[in-house]
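Line by line, the protein sequences give chains A and B. According to this note's numbering, the first sequence is numbered sequentially starting from 1015. According to this note's numbering, the second sequence is numbered sequentially starting from 4.
Incorrect hints may have been included.
[Claimed, not checked] Straight-line alpha carbon distances no greater than 27 Å define the calculated BS3-like cross-link-like pairs of lysine-lysine that follow:
id, chain 1, residue 1, chain 2, residue 2
1, A, Lys1015, B, Lys117
2, B, Lys61, B, Lys45
3, B, Lys117, B, Lys71
4, A, Lys1015, B, Lys45
5, B, Lys61, A, Lys1071
Keep in mind the hints are simulated off the structure, nothing from the lab.
Spelled out, the chains give:
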Amino acid sequence: KAGVTQTPRYLIKTRGQQVTLSCSPISGHRSVSWYQQTPGQGLQFLFEYFSETQRNKGNFPGRFSGRQFSNSRSEMNVSTLELGDSALYLCASSLILGSTDYEQYFGPGTRLTVT
Amino acid sequence: GENVEQHPSTLSVQEGDSAVIKCTYSDSASNYFPWYKQELGKRPQLIIDIRSNVGEKKDQRIAVTLNKTAKHFSLHITETQPEDSAVYFCAATSTGSSNTGKLIFGQGTTLQVKP
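Start from the sequences and build out the full structure, keeping to the hints where you can.
Printed below as a string of structure tokens:
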């Protein structure tokens, strides 16, 4: 099976702009979680989608949003970009079949630089 | 709120020695504890995980132990090799609840194995 893929891999944006990142989970996986990774804050949970519904949201401002499509692909959007949004954005997918299969597998990430 | 503390932040060992990384979690409902290895410029890779109904799990040179009473879990790497050099992250979550898909990560441990 192909692994989790993310596009684009690198992105440079200017303050005030918005950006959309895409994540394609492993085939058959229904849950997609998004994380922000920075040197100072480490890996922080943004939100999780399951069957097109947001089930969990981390402590990020409303400028961060996401959605999931019927094929489980997910997008996240950041509006009104700030310098502090520069980070590696990682998505992870998991099967979550009943009460098992919680393992999360990460994509390669999108490196966002805000200037 | 939910929190995972990880120690040490850096660890340097000689090739062949053992390495131990420790994590403490705050949410008593946590029942799934994965460990990830992240090499420079790469995605986090799931290396081992443990569930709360198990006290110890081994996979070749790596093992994880869990003490639910103390809310501690640890990663043990024996016979370390230079290719074990990476950043290791512990994480915790409570599955089967509204928190499914939300991993809370420790701050990471940079392991250096000297040849």
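Hint-by-hint comparison with the structure:
1. The straight-line distance between the Cα atoms of lysine 1015 of chain A and lysine 117 of chain B is roughly 35 Å, outside the 27 Å bound, and the hint therefore fails.
2. Between lysine 61 of chain B and lysine 45 of chain B the alpha-carbon distance is near 24 Å, which keeps this suggested pair within the 27 Å criterion.
3. The straight-line distance between the Cα atoms of lysine 117 of chain B and lysine 71 of chain B is roughly 33 Å, outside the 27 Å bound, and the hint therefore fails.
4. Proposed proximity of lysine 1015 of chain A and lysine 45 of chain B is supported: the alpha carbons are some 19 Å apart, at most 27 Å.
5. With a CA separation close to 33 Å, the supplied pair lysine 61 of chain B and lysine 1071 of chain A exceeds the 27 Å bound.
Against the hints set out earlier in the document, violations occur for numbers 1, 3 and 5.
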